[in-house]
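Protein sequence lines correspond, in order, to chains A and B.
Here the first sequence stands for residues 1 to 161, where the numbers follow this note's numbering.
Here the second sequence stands for residues 1001 to 1196, where the numbers follow this note's numbering.
Derived from the structure by calculation, the hints contain no laboratory data.
Careful, some of the hints might be misleading.
Claimed, not checked - Computed from the model, here is a short list of chain A residues facing chain B with C-beta under 10 angstroms: (1) Phe-40; (2) Thr-153; (3) Leu-156.
We put the CB at the ideal spot given by N, CA and C, even for glycine.
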Amino acid sequence: MIEPSLALYGEAYARVDALIQELLDAAGVRYGLLVDRKGFVLSHKEALWAPRPPALDSVATLVASNAAATAALANMLGERTFSEQIHQGENGTLYVESVGDQALLTLIFDSSVPLGKVKVYSKKTVPQLAAILDELKDLPEIQLDSDFSAGATSLLDDLLG
Amino acid sequence: MSTINFAAREINCKIVYYGPGMSGKTTNLKQVFSKVPGHLRGEMVSLATEDERTLFFDFLPLDLGSVQGFKTRFHLYTVPGQVFYNASRKLILRGVDGIVFVADSAPNRLRANAESMRNLRENLAEHGINVRDVPIVLQINKRDLPDALPASMIRAVIDPRGELQLFEAMADKGVGVFETLKTVSRLVLERLSQTK
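Please take these sequences and the hints and turn them into a complete structure.
Encoded structure:
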C-alpha cells in the first residue's frame, strides 16, 4: 500500500502540515489533504479518532481529475475556474477548495460536522497555504546527477524484472 | 513539468498510455497490476462503462523506492481511446512525463492508429508541449491476430521517420508489457538527471 511519506523535510512543508493539523482540530474534520493538480499528494493529516483512510493515492487522483473536468466545464461557461466543490453524501462530505493555481485542499468529514464551520475555517487556511506554496516556487531547482539515473534504473530492474 | 517535490523529497512521474479505442491500454495496466507485488503498487482505479470501455481514465501508482534520498514513484494512466472522448483525453495528458502509444495490429484499425497519433500531437501542442520534449515509446499490440499487419507497415504510418523505440506485444498474455514500461520509465528518469 502506497502512502505519502510522513517524514517531511523542508521547513515549508512542516508549516503546511501544521496548518492542516490546525484546520483538522478546529473544524472537526476526519482527513485533510493537500493535493497538487496532477493528482499527487503533497501533504496529509488525519484526526486521531478517525478510522483508517481510504487509499489516498486514489483519492488524490480522483479529486484532481474531478477538478480538471470541472475547470474545463467552467471554461465553457465563461468562468476561469470553479474554486470550490462540495460533494455531500448521506454520511459524509468531500470538500475541495483551490489553493492558488497548483494545489487543492481536500477535506473529508462526516455528517455531524456543519459544512459552514468547515468553510469558515478553510477560507482562513487557504491563503496561508497559498503563501507557503508561492515561496516554494522561488527555491532553486534540484540537480540530479547520473548516479541518480543509475540508481533508479537498477531499482527499475528489480521492479520490472 | 513539476515532477520533483524537493521539499518533501519525492519524485513523481506521470506516464500515460495513449492509442486508439480497444488497442489494449487498459489491458497493459491490468497486467502490470497483476504482476507487481502488492507492497510496491497501490490500488488500480478504473472509470469505465458497464461493458468495461474506459470512460475517463485508469490509474495505477507504482513505488520504485528511494534513490539518493528521493522517494520515486510512477503514476500510470490510460486515456479513453474513442474519438469522441477528446475533452477528457486532453485533461489526462496534463503534466505528462512519458507516453506509451499502444497501436492495434488489426488491418481495419490502421487508420485509427494514424488518427490517434495525430490527435496526440494536437493535444500535446495545446498543452504547449513539443512532441520531441516528451519521451514516447511505441507498442504494437495484438501481434497474435491471424491477420495482423507487419509491424513495419504500422510503424510507417504512426512513426514514418522511425525515431521511436518500438515493442511488439500481446498485452493480454503479458508479452511485451514490462519491456515497454521499463523503457519509457528509463527514458523519463534519464531526462530527470539531464542538466537543465
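Structure-based check of all given hints:
{"no.": "1", "hint": "Phe-40", "verdict": "holds (5 angstroms)"}
{"no.": "2", "hint": "Thr-153", "verdict": "holds (6 angstroms)"}
{"no.": "3", "hint": "Leu-156", "verdict": "holds (6 angstroms)"}
Violated hints for the displayed structure: none, as all numbered hints are satisfied.
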